[in-house]
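Participant: Take a look at the letters that make up each chain.
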Amino acid sequence: MELNQLTIHELQGKIKSGKTSAVQIAESVFKRIDAVEKQVHAYIRLMKEEALAAAKKADDDIKKGNIKQLTGIPIALKDIVCTKGITTTCGSHILHNFVPPYNATVVEKLSAAGAVFVGKANMDEFAMGSSTETSYFGVTRNPWDLERIPGGSSGGSAAAVAADECIASIGSDTGGSIRQPAALCGIVGLKPTYGRVSRFGLVAFASSLDQIGPFTKDVEDCAIMMNVLAGYDSRESTSVQAEVPDYRQFVGRDIKGWKIGIPKEYFIEGIDPEVSSAIKKAISVIEKSGGQCIDISLPHTQYCLAVYYIIAPAEASSNLARYDGVKYGFRTAEARDLLDMYKKTRTQGFGAEVKRRIMIGTYALSAGYYDAYYKKASQVRALIKRDFEEALKKCDIILTPTTPTPAFKIGEKTDNPLQMYLSDIFTISTNLAGIPGISVPCGFTASGLPIGMQFLAGHFEEGKLIQIASAYEKNAKIEKRRPQL
Amino acid sequence: MISKQEVEYVAHLARLEIDDAQKDKFTSQLNDILLYIDKLNELDTKGVEPMSHAIAVTNAFRDDKVVESIGTESSLANAPDARGEFFRVPKVIE
Amino acid sequence: MEFETVIGLEVHAQLLTETKIFCNCSTKFGGAPNSHACPVCLGMPGVLPVLNKKVVEFAMKMALATNCLINKSCSYARKNYFYPDLPKGYQISQYAYPLAEHGHVFLDVDGVQKKIGITRIHMEEDAGKLIHDEHNPFSYVDLNRTGVPLIEIVSEPDMRSPEEAADYLKRLHEILVYLEICDGNMEEGSFRCDANVSIRPRGQKEFGTRAELKNMNSFRNVQRALEYEVKRQQYLVENGGKVVQETRLWDDAQSVTNSMRSKEEAHDYRYFPDPDLVPVIVDDTWVEKIAKELPELPLAKRERFVKDYQIPAYDAGVLTVDKALAGYFEDVVKLCSSPKAASNWVMGDVLKFLNEEKRDIRNCPISATALAEMICLIEDGTISGKMAKDIVEEMYKTGKDPKAIIAEKGMVQITDEGALSIAIQKIMDANPNQLKDYRGGKDKLFGFFVGQVMKATQGKANPQLVNDLLKKMLAG
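Chains as they are written, first to last, in my numbering: chain D, 10 to 494; chain Y, 40 to 133; chain X, -19 to 456.
Hints were generated in silico from the structure; no laboratory data involved. Treat the hints loosely; a few may be bogus.
[As the list claims (entries may be wrong)] Chain D is faced by these chain X residues, among others (derived, beta-carbon under 10 Å): (1) Pro29; (2) Tyr61; (3) His247; (4) Pro275.
C-beta atoms are modelled at their ideal positions from N, C-alpha and C, and glycine is treated no differently.
Based on the sequences and whatever the hints tell you, model everything.
Facilitator: See below:
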């Protein structure tokens, strides 16, 4: 096994015992990037120089015995988190040259924990997409099948982990943008409770739904990453001052006596049969592990997508108003006057999907439509949240497929926005309710595409998610495969 | 149903230009989405308090203490057009 | 046809906090352009607002001082529109759930107390500044003011004349400055006013179509603009025209209001709750704490001055316009125990000097102690009222205390009977004819002798003593 193929906890063991150095790990990652990045295109920008310098510094720390949670671990950052002095594009032409004078809180936390940043990962423009095809910087390909999409919007972060182009990565999840690509790339992805991980420095898509979380190769790594990321931040008003447990303690614990709710609304027509059978197999593993699966109902499930496609674009239409060619980023070269400058800058600076969502959102908030759209959606959102509260009184965990199908082909859904939106159908409700969710690999299709399963829990119960995901990971004994590149 | 005129109005509100060729495609795509969204009207939501935050946090405050600003140079560093100590923009045509 | 004027005002007051409403940048006026700016107020991607607690407390003070009900819960909304002075493309304001509602203030209208309703008070952020280049097709943006906290005070359409509107505005201004939450500077824009004005035939219940007036940067201009606009609307209606709902700008140079319709967008602000900010919950304990911090307000102070110092209501009104002036007056009274004299000196000479130089009472060269001392010197007869006039002017010019000036100029009254008697005798000797005539019944000549004594003593003789001695000695 090459160093770049190992997990965080495996590398930590080698670092602590002196069997390897941070520089060796970083070099191994960049060697892999040199070999496969042309095919995968997981990154918008690589940070080789900075990474090697950080790795050297990590080695100095290691020599001094100062080993922190992520000392020397190469991490990729979705290009939606602001990095001081390093271009942060959000996958958009309109921010193609934006250099933030500040770091996102998560970047500061990872840095303080000793992480080595490999680069800025590709993503759908402003995180609007489910396939990483809307990036201004080109598509990212699924390492398991280069003809297929890696999922999105955090497709670059997921593909980089799956292709061993980093050890772990950071993504953001507004309607499934961590869990869906994690499922399609065969890795672990967690969306924390809203307010658990700071959004400061996360370029906003839909502020009431956005949440940062990790992509990792296994569940224990996910716990390690959460130990670094979680916690209150006074720079964010919606940050929650709740105690953060040591998530690693949940790894390896059993789930005997737990009730696992299976929502009937999530097992609908249109689910790929191979996904369906993988989930059925996973349910039996959970039962063998001591969990008791029960039927539950989330009656407003069928409305989630509609609610999401009002609230997210409405917030986005306002969040993206700041891209006006005045203070930073792209400005059109040909403006007659101010109004013309605004319109040309935004028309040339945003891609089609972003414009589509700005249009939907602007429409939903405009005079005469607010009550019918935004207000109505906010009310139904309350009902959806209530569904989860009721359901979680009856069970500890909710289990669903992460996606209805495995990775689809590049270009397959780009002309049909609604079809594209439907690929997030199982992940969106979580963001609306603000609860945490994790996607874990649960097998492969006959043609070798990964399949993911999602666990959901109540607010701030990431520990439970890690516990059941780790129990499943241990007992399912999914064969270890690596994509052939 | 959203009309082409409404699409134009909304595009103007959002400061976007949609050329005639795209307008039909855009209008029909938006209509597909809006038609889908319309299913919310099946639900009676009378008396349901609209939810604008996922988690009920209240009274998040900051103390009234000055922190050194980043300075004019840094403020203007990313500007597509800066002159002296100002951002420069084309004039508003009245 | 007889018309009735209906006016409502929207007042924006910048709050005197150290930092902006949602970030830690300084609110100081006059820094280098774009120097009081950070990623938050520059609207950079990914940064987030956190509310300055002081802003809420200052706004609560105004709410309490204007008898508003403070809502248990209020929240922020985004007002979306594009303009270069608005870096986020939206202004954070309050919309559906403002901080406070249902307040009022009283005006004195022809001796009767009139209640003017306050619809709501809410908090919001100020925009930046746009400077237009007169020669080139460019504008320049300075974002220092972006995010400076404002409260907006919206009145009911309760005012019936431009004078009432100006008076209401002065009352609000006075309260804000008393509370020390706004510096009230209209020229620098820290206190701004927009007016909604309409007319209707007297007796009609429905409101007429209103025009919104902007760009009035002094109390005088508010009144003038309203007067002009009322006349314009009346002329329009009387000549078969119709008032259209629009925004009009006051042009000070031309003394007219002009429609700015051409510049205006159809307003579609797409307000919605700001997901980045959380509700503000104000409980009774917090309200009580703020209520305790409120200073005595102008109206209460006025009433107290009349009652405690027995000064006329007019004096009390003048003295309480400015809290510092009222304080100055009270300091003087404490040391000289003659409220009416104190009031006369403060309102007369002191304010005259200050006004001539556009100076503030806080920078008055005459300290309250010195003025009190001077008043005592008049009372105990050391100086005459006439001498005091000169002395107070000297005190203002030099900042010296009255005793020093009196000593320097030898201004002490001659109260020595012996010395005065000698002087009077000399004058009687030098003017035998006048003495004869006086003694012959020409009483009017008494004034002549007083004048001569004053002349001989360079005005320093105690007038009362001169009177008494002259009467005795002239009689023979």
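Participant: Confirm or reject each hint.
Facilitator: How the hints compare with the structure:
This hint holds: X:Pro29 has a C-beta 7 Å from the nearest C-beta of chain D, less than the 10 Å allowed. Of the supplied interface hints, the one on X:Tyr61 holds, with its beta-carbon coming within about 8 Å of a beta-carbon of chain D, less than 10 Å. Here the hint on X:His247 is kept, as its CB sits about 8 Å from the closest CB of chain D, short of 10 Å. Because the smallest distance between the Cβ of X:Pro275 and any Cβ of chain D comes to about 31 Å, over 10 Å, the interface hint for this residue is violated.
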